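J.: Residue-level listing of the chains:
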Amino acid sequence: MSEEKWEFEEDGLVIAASRVGGSARVSWAGVSDSRTPGTFLRPVLSDLSEKLKGAEVTVDFSKLEYMNSATVSPLINFVKSLDSGCPRIVVLFSDVDWQRTHLQCMRAIASTLRNVVVDSTATPPG
Amino acid sequence: MEARLQLSFQPMWPNVRKIRQEVTAVLGVYPQALRSAAVMTAAELVENAIKYGESVPAAEAVSFLLETNPGQLRIRVVNGSTNLAGVAELARRVDELTRAADKQALYLTRLQELLADGEQTGKLGVYRIGFEGAFDLECDYTDSVVTVTATRGVDV
Chain C
-18 MSEEKWEFEE
-8 DGLVIAASRV
2 GGSARVSWAG
12 VSDSRTPGTF
22 LRPVLSDLSE
32 KLKGAEVTVD
42 FSKLEYMNSA
52 TVSPLINFVK
62 SLDSGCPRIV
72 VLFSDVDWQR
82 THLQCMRAIA
92 STLRNVVVDS
102 TATPPG
Chain Y
95 MEARLQLSFQ
105 PMWPNVRKIR
115 QEVTAVLGVY
125 PQALRSAAVM
135 TAAELVENAI
145 KYGESVPAAE
155 AVSFLLETNP
165 GQLRIRVVNG
175 STNLAGVAEL
185 ARRVDELTRA
195 ADKQALYLTR
205 LQELLADGEQ
215 TGKLGVYRIG
225 FEGAFDLECD
235 YTDSVVTVTA
245 TRGVDV
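Those sequence lines, one after another, are chains C and Y. FYI, the numbering for the first sequence is -18 to 107, going by the numbering used here. FYI, the numbering for the second sequence is 95 to 250, going by the numbering used here.
Just so you know, the hints here were simulated from the structure itself, not pulled from any lab data. You may find that some hints are simply not true.
Straight-line alpha carbon distances no greater than 30 angstroms define the calculated DSSO-like cross-link-like pairs of lysine-lysine that follow [unchecked claim]:
{"id": "1", "chain 1": "C", "residue 1": "34", "chain 2": "C", "residue 2": "44"}
{"id": "2", "chain 1": "Y", "residue 1": "197", "chain 2": "Y", "residue 2": "145"}
{"id": "3", "chain 1": "C", "residue 1": "61", "chain 2": "Y", "residue 2": "217"}
{"id": "4", "chain 1": "C", "residue 1": "34", "chain 2": "C", "residue 2": "61"}
{"id": "5", "chain 1": "C", "residue 1": "32", "chain 2": "C", "residue 2": "-14"}
{"id": "6", "chain 1": "Y", "residue 1": "197", "chain 2": "Y", "residue 2": "217"}
{"id": "7", "chain 1": "C", "residue 1": "44", "chain 2": "C", "residue 2": "61"}
{"id": "8", "chain 1": "Y", "residue 1": "112", "chain 2": "Y", "residue 2": "217"}
{"id": "9", "chain 1": "C", "residue 1": "-14", "chain 2": "C", "residue 2": "44"}
{"id": "10", "chain 1": "Y", "residue 1": "145", "chain 2": "C", "residue 2": "61"}
{"id": "11", "chain 1": "Y", "residue 1": "197", "chain 2": "C", "residue 2": "32"}
{"id": "12", "chain 1": "C", "residue 1": "-14", "chain 2": "C", "residue 2": "61"}
{"id": "13", "chain 1": "Y", "residue 1": "145", "chain 2": "C", "residue 2": "-14"}
{"id": "14", "chain 1": "Y", "residue 1": "112", "chain 2": "C", "residue 2": "32"}
{"id": "15", "chain 1": "Y", "residue 1": "145", "chain 2": "Y", "residue 2": "112"}
{"id": "16", "chain 1": "Y", "residue 1": "197", "chain 2": "C", "residue 2": "61"}
{"id": "17", "chain 1": "Y", "residue 1": "217", "chain 2": "C", "residue 2": "-14"}
{"id": "18", "chain 1": "Y", "residue 1": "217", "chain 2": "Y", "residue 2": "145"}
{"id": "19", "chain 1": "Y", "residue 1": "197", "chain 2": "Y", "residue 2": "112"}
Some chain Y residues close to chain C (C-beta under 10 angstroms, calculated; not the full set) [unchecked claim]:
{"id": "20", "residue": "134"}
{"id": "21", "residue": "138"}
{"id": "22", "residue": "144"}
{"id": "23", "residue": "213"}
{"id": "24", "residue": "219"}
Please read these numbers as outputs of a predicted model, since none were measured by experiment. Even glycine gets a Cβ: it sits at the ideal position worked out from N, Cα and C.
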């Protein structure tokens, strides 16, 4: 089964995605601090949501070093969009302070979604 | 171990990234958690000043001050504005944050609004400063000059 890969980059933010059959991964890295991040993110994430439909998706934010508050809306709506078309979504944050805060918030939001699990990359497997 | 950073700059977006770098550097000896909160708070306040500010006689440029005193970190951003409705909205959100017993709940409510309507953006930064950054905010508006001051305790 062949692997499909996509990568999007904008002013310090890199979103790398891959899919092999029913399994997919989306990794965010770098910084998202543009004035209108939605201008770049919304079409990219909408496109990705379509490409990943039906897959079990891991969305990894642990390498995201910084994001401004304007990034939050496109980010959470990407997870919501995946939730409507994917059977399982695992959202990962790292254990650094600001990411822990967003992990807590995403967990609270996930309780209103059907297929989203939020976890920390610091959590031991098992 | 006191830190101080004072800058004045034109309201241009690249200055947000510069502020983050400068705050990171000046707070280099402080704990990572405090530094991270201060960087985010400084950037959010400067973003607002650049987005909504304008040059007025009493504040031709954006002014930024970060200083630590024993037990306290203070960040102050000053910009001009003649947008009375915009300033009133900012003051309302700062007041709401100040009075909130549960700042996380305030932040989560706004997240739920953004989730319910994906076309909505913004109006999250003030709550983020209070919840994620654990800063208290004050807002003053005098002679078309907006002054927003963020303070939090420093346990060093």
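J.: All hints, please: hold or fail.
T.: Outcome of the hint check:
Between residue 34 (chain C) and residue 44 (chain C) the alpha-carbon distance is near 24 angstroms, which keeps this suggested pair within the 30 angstroms criterion. Using a Cα cut-off of 30 angstroms, the hinted pair residue 197 (chain Y) and residue 145 (chain Y) holds, with the two alpha carbons roughly 24 angstroms apart. Between residue 61 (chain C) and residue 217 (chain Y), the direct Cα distance comes to roughly 20 angstroms. Compliance with the 30 angstroms bound is thereby established for this hinted pair. As the CA atoms of residue 34 (chain C) and residue 61 (chain C) are separated by approximately 12 angstroms, the hinted pair is consistent with the 30 angstroms bound.
Of the pairs offered as hints, the one joining residue 32 (chain C) and residue -14 (chain C) holds, with about 10 angstroms between alpha carbons and a cut-off of 30 angstroms not exceeded. Of the supplied pair hints, the one linking residue 197 (chain Y) and residue 217 (chain Y) holds, its CA atoms being roughly 14 angstroms apart against a limit of 30 angstroms. Under the criterion of a C-alpha separation no larger than 30 angstroms, the hint pairing residue 44 (chain C) with residue 61 (chain C) is consistent with the structure, at around 21 angstroms. Between residue 112 (chain Y) and residue 217 (chain Y) the CA atoms are separated by roughly 23 angstroms; this keeps the pair inside 30 angstroms, and the hint holds.
Restraint check for residue -14 (chain C) and residue 44 (chain C): satisfied, since their Cα atoms lie roughly 18 angstroms apart, inside the 30 angstroms limit. Annotation: proposed proximity of residue 145 (chain Y) to residue 61 (chain C) holds, straight-line Cα distance about 28 angstroms (limit 30 angstroms). Among the hinted pairs, residue 197 (chain Y) with residue 32 (chain C) is inconsistent with the structure: their alpha-carbon atoms are about 37 angstroms apart, more than 30 angstroms. At roughly 22 angstroms between alpha-carbon atoms, residue -14 (chain C) and residue 61 (chain C) fall within 30 angstroms of each other, so this suggested pair holds.
Restraint check for residue 145 (chain Y) and residue -14 (chain C): not satisfied, since their Cα atoms lie roughly 36 angstroms apart, outside the 30 angstroms limit. Restraint check for residue 112 (chain Y) and residue 32 (chain C): not satisfied, since their Cα atoms lie roughly 36 angstroms apart, outside the 30 angstroms limit. Of the supplied pair hints, the one linking residue 145 (chain Y) and residue 112 (chain Y) holds, its CA atoms being roughly 16 angstroms apart against a limit of 30 angstroms. A distance of roughly 24 angstroms separates the Cα atoms of residue 197 (chain Y) and residue 61 (chain C); the hinted pair therefore holds under the 30 angstroms criterion.
Pair hint residue 217 (chain Y) plus residue -14 (chain C) does not hold up; C-alpha atoms about 35 angstroms apart against a cutoff of 30 angstroms. For the hint pairing residue 217 (chain Y) with residue 145 (chain Y), the CA-to-CA distance comes to about 12 angstroms; that is within 30 angstroms, so the pair holds. Of the supplied pair hints, the one linking residue 197 (chain Y) and residue 112 (chain Y) holds, its CA atoms being roughly 29 angstroms apart against a limit of 30 angstroms. Residue-level restraint check for residue 134 (chain Y) holds (minimum Cβ-Cβ distance to chain C is 7 angstroms; threshold 10 angstroms).
A cut of 10 angstroms between beta carbons decides the hint on residue 138 (chain Y): the least distance to chain C is about 6 angstroms, and the hint holds. Hint status for residue 144 (chain Y): holds, given a least beta-carbon distance of 8 angstroms to chain C, under 10 angstroms. Restraint check, residue 213 (chain Y) versus chain C: the minimum CB separation of about 9 angstroms is within 10 angstroms; hint holds. Hint status for residue 219 (chain Y): holds, given a least beta-carbon distance of 4 angstroms to chain C, under 10 angstroms.
Checked against the numbered hints above, the structure violates hints 11, 13, 14, 17; every other hint is satisfied.
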